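Visitor: First to last, the sequence lines map onto chains A and B. Sequential numbering from 1 applies to the first sequence in my numbering. Sequential numbering from 189 applies to the second sequence in my numbering.
If you're looking for bench data, these hints aren't it; they were derived computationally from the structure. All of these numbers come straight from a predicted model, not from anything done at the bench. If a hint is listed, it holds; no wrong ones were tucked in.
Subject to a maximum C-alpha distance of 30 Å in a straight line, what follows is the list of computed DSSO-like cross-link-like pairs (lysine-lysine):
id, chain 1, residue 1, chain 2, residue 2
1, A, Lys134, B, Lys294
2, A, Lys36, B, Lys296
3, B, Lys296, A, Lys134
Where chain B lies over chain A, by a calculated footprint (3+ residues, C-beta under 8 Å):
id, stretch
4, 66-80
5, 116-125
Think of the CB as a built atom: it goes at the ideal place given N, C-alpha and C, for glycine as much as any other residue.
Chain by chain, the residues:
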Amino acid sequence: MLHTQGRLCLAFLRIGLLGFGGGPSMIPLVHAEVVKRYQWMSDDEFSDVLAIGNTLPGPIATKMAGTIGHRVGGLIGALNATLAVMVPCIIAMIALLGLYMAHRDERWIAGMGQGVVPVVMVMMIQLTWDFWQKARQSLGWWLAALMGLVAAGLIFGLGVHPGIVIAVLLMAALLRPEPRRHQKDQTE
Amino acid sequence: MIYWQLFLAFFIPNIIGYGGGPAIIPLIENEVVGRYGWMSAEHFAQTLALGNALPSPIATKMAGYIGFDVAGTPGALIAVFATVAPSLILMLVALGVLYRFRDSIKVKSMSQWVRPVIMVLMGALVWSFFREGMQGPGLWQTLGIGTVAAALLMGTRLHPAFVVCLGLGYGALFLGR
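Here chain A stands alone, though its shape is the one from the complex (with noise of 0.2 Å):
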């Protein structure tokens, strides 16, 4: 039992010290540890948990976690998961602003804070242009960009919380007719 924990907890360390660039980078490293290294479960259990993590909201590194944790190791093993693959880069996170915000008037450090912009935002445009990609393969061009420029307006023009855009785009998704068959080779 505590065997288990064990290589649970040090299987999720190992993924959310080594995951940068965010949860979905993450997914070779689970399925690398939880189907390679300790076979908790097979390629196609695997992948249908990846498929029911992206249809749900949140980030799918800690549903990952969570479900695995809680399949190999009951509701400890879940807890134990997400919080091994968090909670060490959390700390590191709050440690390093923390010094970061008690200098910030030091020119060197204030111009280190000022350096670092450009770089987020053009990683901004790489994940805007990726969300692009997805919206046109599945959507296709015309409905993805007049689904675009009507959230839009809605959000920037008359200043709905986006929340309220999305609620209504998933709920309309949900109450939509079923759709004839032809369409569905449209979708991935």
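Could you slot chain B onto chain A? The hints should help.
Guide: Using the frame of chain A, we list chain B on its own:
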């Protein structure tokens, strides 16, 4: 009161944030910078940069730091809880039901229809970071650093953490007037 606001500020983005961690970032910015005014857009950009340079999921790191910044350790715990728990509980409870419907076009279109909105929100974040850069290093420095960063990230596929460190180093040497 502040704890309840913290909970809401992270619960709402995560329960509507389809598409994994990065999709949640503009929604969190909307709450933390826009609605509650807990931090400036510049401080948020720096938090995001450091978050991107460190390993592990981005959404929980942002929640942990911002919660701590706003209301200390209890704040960090509440923000992280609001980020992780609702969707994880949903996943554990609904695993069977969703498993049966995961090929349903309705369930699939839920995450597809949200993508253009997330894209627009991310575009708005780009714009706010650009204005941030205009106020700090100025137009030419911002464009210069941005172009070099883009070339390194997309051209050479250098690790993002390394590019962030280069930006920090350049700023420390040349922007600390």
